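Asker: Sequence:
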Amino acid sequence: MSKYESFFVSDEIRERKVTLADGTEHLLHFRELPAVEFRKFGLAERSEDDDVRSEATVRLIAASLCEPDGSSAITLEQARKLKPHVASALFEAVLDVNRVRRGEQGNA
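Position 95, counted from 1, in the sequence shown is what the numbering used here calls 95; the numbers after and before it change by one each time, with no gaps.
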């Protein structure tokens, strides 16, 4: 194993229990995302275009949320239709899986 192996995203699928605002718990699966995806997120968050800014979070969710076999769980179109409290809970799980703290998402 290279001394740099830990620098790269893992192919391992990570489980997270996500609790929604209504109290329901869901065991979901997420993949790690490369730094470039978080850089795109940061740039989108600072865009002057309202549509680009509003879609930044759901793009990360759609890229990370997956089935246990690693296949995508939802499309971007579906992610755009998420309820606000659901998107918020999923986004927190994406940050946790990727070991990103709030406020540093776009600094990669």
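Just so you know, the hints here were simulated from the structure itself, not pulled from any lab data. Here the structure is a predicted model, which means the values were calculated and not measured. Heads up, the beta-carbon is just placed ideally off N, CA and C, and yes, glycines get one too. Don't take each hint at face value.
Label pairs and their computed distance ranges (CB to CB) [claimed, not checked]:
hint, residue 1, residue 2, range
1, Ser2, Glu92, 28 to 34 angstroms
2, Lys81, Thr24, 17 to 23 angstroms
3, Gly70, Arg46, 41 to 47 angstroms
4, Lys3, Lys81, 42 to 48 angstroms
Simulated pairs of lysine-lysine, BS3-like, Cα-Cα distance not exceeding 27 angstroms [to be verified]:
hint, residue 1, residue 2
5, Lys83, Lys40
6, Lys17, Lys83
7, Lys3, Lys83
8, Lys40, Lys81
Asker: Each hint needs a verdict: does it hold in this structure or not?
Answerer: Results for each hint:
1. Distance hint for serine 2 and glutamate 92: a CB-CB separation of about 32 angstroms, consistent with the stated range 28 to 34 angstroms.
2. Under the hint 17 to 23 angstroms, the C-beta atoms of lysine 81 and threonine 24, about 18 angstroms apart, fit the expected range.
3. Between glycine 70 and arginine 46 the CB atoms are about 31 angstroms apart, so this pair departs from the stated range of 41 to 47 angstroms.
4. Distance hint for lysine 3 and lysine 81: a CB-CB separation of about 44 angstroms, consistent with the stated range 42 to 48 angstroms.
5. For the suggested pair lysine 83 and lysine 40, the alpha carbons sit about 23 angstroms apart, so the restraint of at most 27 angstroms is met.
6. This hinted pair checks out: lysine 17 and lysine 83 have alpha carbons roughly 18 angstroms apart, not beyond 27 angstroms.
7. Distance check on the hinted pair: lysine 3 and lysine 83 sit about 42 angstroms apart at the alpha-carbon level, beyond 27 angstroms; violated.
8. Only pairs whose Cα atoms come within 27 angstroms are accepted, and lysine 40 paired with lysine 81 is accepted, the gap being roughly 21 angstroms.
This entry does not satisfy hints 3 and 7, going by the numbered hints stated previously.
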